[in-house]
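Q: What follows is each chain in one-letter form.
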Amino acid sequence: MRNQLLFLRNGKVVTGLAILGFFTLLAVLGPWISPYDPNQVSDALLSPPSAAHWLGTDHTGRDILSQIIVGARGVLVVGLVAGVSATVVGVLVGVTAGFVGGVGDESLSALSNMFLVIPQLPLIILIAAQLPSAGGLTVALVIGATGWAWGARVMRAQTLSLRKRDFVEAARANGERTWRLVLAEVLPNLTAVIASGFVGTVTFAVLSQVTLSFIGITPVSEWNWGTILFWAQNNLALQRGAWWWFVPAGACIALLGMALTLVNFGIDEIVNPRLRSTGLHARSLRRRGIRPRVGFTPVVREARS
Amino acid sequence: MSADVHTERGALADAGPAAAEPVLEVRNLSVDYGFGDDPTHVLREVSLTLRRGEVLGLAGESGCGKSTLAYAATRLLPPPGLITGGEVWLTNREGTRADLLALSDAELRAARWRDIAIVFQGAMSSLNPVFRIEKQIVDGIVAHQPRMRREEARERAAELLRLVGISADRLRAYPHQLSGGMRQRVMIAMALALEPQVLIMDEPTTALDVVMQRQILEEVMELRERLGFSVVFITHDVSLLVEVADRIAVMYAGEIVETAAARDVYAKPRHPYSAGLLGSFPPLHGPRRELTGIPGAPPDLSAREPGCPFAPRCPHAMDVCRTELPVLGRTAQGEDNRLVACHLHTTASSTEPLPPSLSR
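These protein sequence lines map, in sequence, to chains A and B. Per full-length UniProt numbering, residue 1 is the first one in the first sequence, and the count goes up by one each step. Per full-length UniProt numbering, residue 1 is the first one in the second sequence, and the count goes up by one each step.
I should point out that these hints are in silico values taken from the structure, not numbers from a laboratory. Where is the CB? At the ideal position from N, CA and C, for every residue including glycine. Watch out, some of these pointers could steer you wrong.
[Unchecked claim] Here are some chain A residues pointing at chain B (derived, C-beta under 10 Å):
id: 1; residue: Lys164
id: 2; residue: Val168
id: 3; residue: Ala282
id: 4; residue: Ser284
id: 5; residue: Ile290
id: 6; residue: Pro292
id: 7; residue: Val294
id: 8; residue: Gly295
id: 9; residue: Phe296
id: 10; residue: Val300
[Unchecked claim] Chain A is faced by these chain B residues, among others (derived, beta-carbon under 10 Å):
id: 11; residue: Phe35
id: 12; residue: Arg75
id: 13; residue: Pro80
id: 14; residue: Thr84
id: 15; residue: Gly86
id: 16; residue: Ala110
id: 17; residue: Ala111
id: 18; residue: Arg114
id: 19; residue: Leu240
id: 20; residue: Glu243
id: 21; residue: Val244
Using the sequences provided together with the hints, build the complete structure.
A: Written out as structure tokens, the structure is:
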């Protein structure tokens with residue numbers, strides 16, 4: 001197998017990617033594969049799951065399954081856009097602050113510290129409420145603009161430690177330009193931190209957006225899983241025992257979060273070359289009863305091929 | 001004092017006249033790197049015996065398995081290292097023998113440092129920069145002897161420092177306040193804290209200047225006489241080994257190719273690789289000679305060829321060397337106390353004598 005595809009042999013990564021792929025498929029094909037129009041009312045008011053409505057209907061007879069399928073797009077787009085924008089800003093600010101030092105570091109650190117102490121959700125609510133149209137993309141950008149500070153913090157700390165390492169000094173002594181030092185020497189060592197920061201931000205963005213929809217900040221006509229929960233909450237789904245209304249949406253959110261976390265676990269083992277062999281052979285190691293640990297080299301007595 | 005080596009066929013006892021009881025016996029130790037289907041077999045059935053009070057030197061080029069052998073024997077090899085077979089018998093002070101590879105985690109942890117201590121390659125950075133060295137030594141002692149009071153442990157720490165030639169008032173120093181040589185001594189003092197049976201020194205003086213090297217080694221050798229522990233000394237500095245070791249095991253490509261008393265290896269190498277190693281550095285005593293070195297590089301252990309691993313670089317390689325792996329056995333001269341893994345010695349006869357470089 002080619003080296004670039006090695007990460008596909010990690011069980012956690014494959015599971016996570018499979019779930020992500022499933023949701024991505026829903027997000028892309030949503031409007032075409034949903035059995036009903038999610039806004040179409042019908043006579044079947046608040047009916048439990050049946051052959052006609054696999055996940056039942058809400059108080060106006062709208063199909064829940066269709067709402068979930070169509071709503072996937074909103075969730076994923078917001079997660080992705082917010083994740084990418086927050087990560088890009090975080091890396092730019094953090095790595096720059098860590099590498100340049102001095103006044104630049106001080107001011108950039110002050111900026112990210114400011115964003116760190118601002119309570120995030122109220123700020124998002126305020127900004128979203130002020131904007132004329134608080135649609136998906138706007139929310140995503142607002143989340144991105146407020147959620148980069150932690151990443152920048154971590155990135156700065158890591159860069160500070162990296163830029164003093166011997167290999168960076170050696171590259172500097174070789175006459176490499178500063179931007180090359182940053183891009184070719186420091187950044188590759190940050191891959192794991194960036195990737196896990198990205199995954200974390202996506203999770204945070206999805207949860208923020210679901211929260212915003214749930215409390216009704218974003219337009220309720222725009223379907224996402226939070227909107228479903230908004231309607232369920234407003235119409236006392238729990239008290240009426242209409243579990244099919246909120247459980248599937250909640251499960252989808254949890255599943256997406258789990259998928260992102262699984263990918264995150266895998267990234268760590270793939271990006272760190274030292275952990276790679278362990279991560280790639282986790283299954284066979286378990287089967288052979290080997291637990292790789294530092295300080296206690298495993299002993300196996302098996303027939304050698 | 002002697003070390004002997006077992007082959008796969010079984011023990012080839014070569015108890016010398018001064019043979020003491022063995023403290024550390026490595027038997028058929030095999031080590032792989034890599035957890036996948038195609039691991040690299042780094043060590044192949046290596047056997048080695050360390051006797052009480054002996055200094056055993058492990059020599060060889062970089063990457064021939066010296067450190068791997070030492071770390072595998074103590075189960076300190078980091079992932080993806082994997083021990084795939086063998087036994088490591090250690091006799092502790094009470095005289096009980098235990099297989100280090102079969103011990104439970106707790107037993108192994110207890111045996112470490114108490115019975116077998118290691119001075120690491122990077123001993124300079126093995127001290128924690130934020131604690132005074134007193135705390136670091138005391139913590140170590142108390143971890144192994146919970147019933148010892150801290151004052152006692154502190155006294156012991158002072159005693160240890162004096163042992164390695166540092167005045168006891170340096171106990172209150174932080175590591176950065178000590179020179180490299182002093183830090184090295186502190187590491188050796190710590191290793192000796194619990195009076196281990198075996199001290200493994202993995203290139204302990206590589207980062208030091210020769211004056212300091214000599215001082216520290218002389219101290220270790222003197223302490224060994226006094227405290228009666230055994231030393232496994234790993235270095236690629238063969239001239240140093242010849243000076244300090246009682247016995248030398250020459251390693252090549254993860255196998256021991258020759259083992260003999262240090263002076264014999266130096267004066268009369270029997271394996272072409274040993275001869276090549278000796279020809280790579282100037283002799284400390286005796287007449288000057290041409291430095292020859294060894295052409296080529298050590299083999300890639302992940303793509304082993306059949307036959308002797310040294311054959312491609314060997315000036316005396318024969319046909320059989322490329323097809324059959326030589327095993328450790330007696331030399332053609334039939335000398336006691338030394339073993340060599342070379343076809344030249346098994347096939348040598350009156351018609352086909354050994355090359356002059358190996359029959360001195």
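Q: All the hints need checking, so say for each whether the structure fits it.
A: These are the hints, each one checked on the structure:
The interface hint given for A:Lys164 is broken, as the beta carbon of that residue sits about 14 Å from the closest beta carbon of chain B, more than 10 Å. Nearest Cβ of chain B to the Cβ of A:Val168: about 18 Å, over the 10 Å cut. The hint is violated. Restraint check, A:Ala282 versus chain B: the minimum CB separation of about 9 Å is within 10 Å; hint holds. Hint status for A:Ser284: holds, given a least beta-carbon distance of 7 Å to chain B, under 10 Å.
For A:Ile290, the interface hint holds, since its Cβ comes within 10 Å of a Cβ in chain B; the closest pair sits about 7 Å apart. Against a cut-off of 10 Å between C-beta atoms, the interface hint on A:Pro292 holds, since the closest Cβ of chain B lies about 4 Å away. Residue-level restraint check for A:Val294 holds (minimum Cβ-Cβ distance to chain B is 5 Å; threshold 10 Å). A distance limit of 10 Å between C-beta atoms decides the matter here; for A:Gly295 the minimum to chain B is near 6 Å, and the interface restraint holds.
Interface restraint check: A:Phe296 against chain B, minimum CB-CB distance 6 Å, threshold 10 Å, status holds. A hinted interface residue such as A:Val300 counts as satisfied when its beta carbon comes closer than 10 Å to some beta carbon of chain B; here the least separation is about 6 Å, so the hint holds. Because the closest C-beta pair between B:Phe35 and chain A is about 4 Å apart, less than 10 Å, the hint holds. A least Cβ separation of about 4 Å between B:Arg75 and chain A falls short of the 10 Å threshold, and the interface hint therefore holds.
Because the closest C-beta pair between B:Pro80 and chain A is about 4 Å apart, less than 10 Å, the hint holds. At its closest, the beta carbon of B:Thr84 sits 6 Å from a beta carbon of chain A; the interface hint therefore holds under the 10 Å criterion. The restraint placing B:Gly86 at the interface with chain A holds, with a minimum CB-CB distance near 9 Å, inside the 10 Å limit. Interface hint at B:Ala110: violated, since its Cβ lies 13 Å from the closest Cβ of chain A, which is beyond the 10 Å cut-off.
Annotation: interface hint on B:Ala111 violated; nearest CB of chain A at approximately 12 Å, more than 10 Å. A cut of 10 Å between beta carbons decides the hint on B:Arg114: the least distance to chain A is about 16 Å, and the hint is violated. Here the hint on B:Leu240 is broken, as its CB sits about 27 Å from the closest CB of chain A, past 10 Å. The beta carbon of B:Glu243 is not positioned within 10 Å of any beta carbon in chain A (closest approach about 32 Å), and the interface hint is therefore violated.
With its C-beta approaching chain A no nearer than about 28 Å, B:Val244 sits outside the 10 Å limit, and its interface hint is violated.
This entry does not satisfy hints 1, 2, 16, 17, 18, 19, 20 and 21, going by the numbered hints stated previously.
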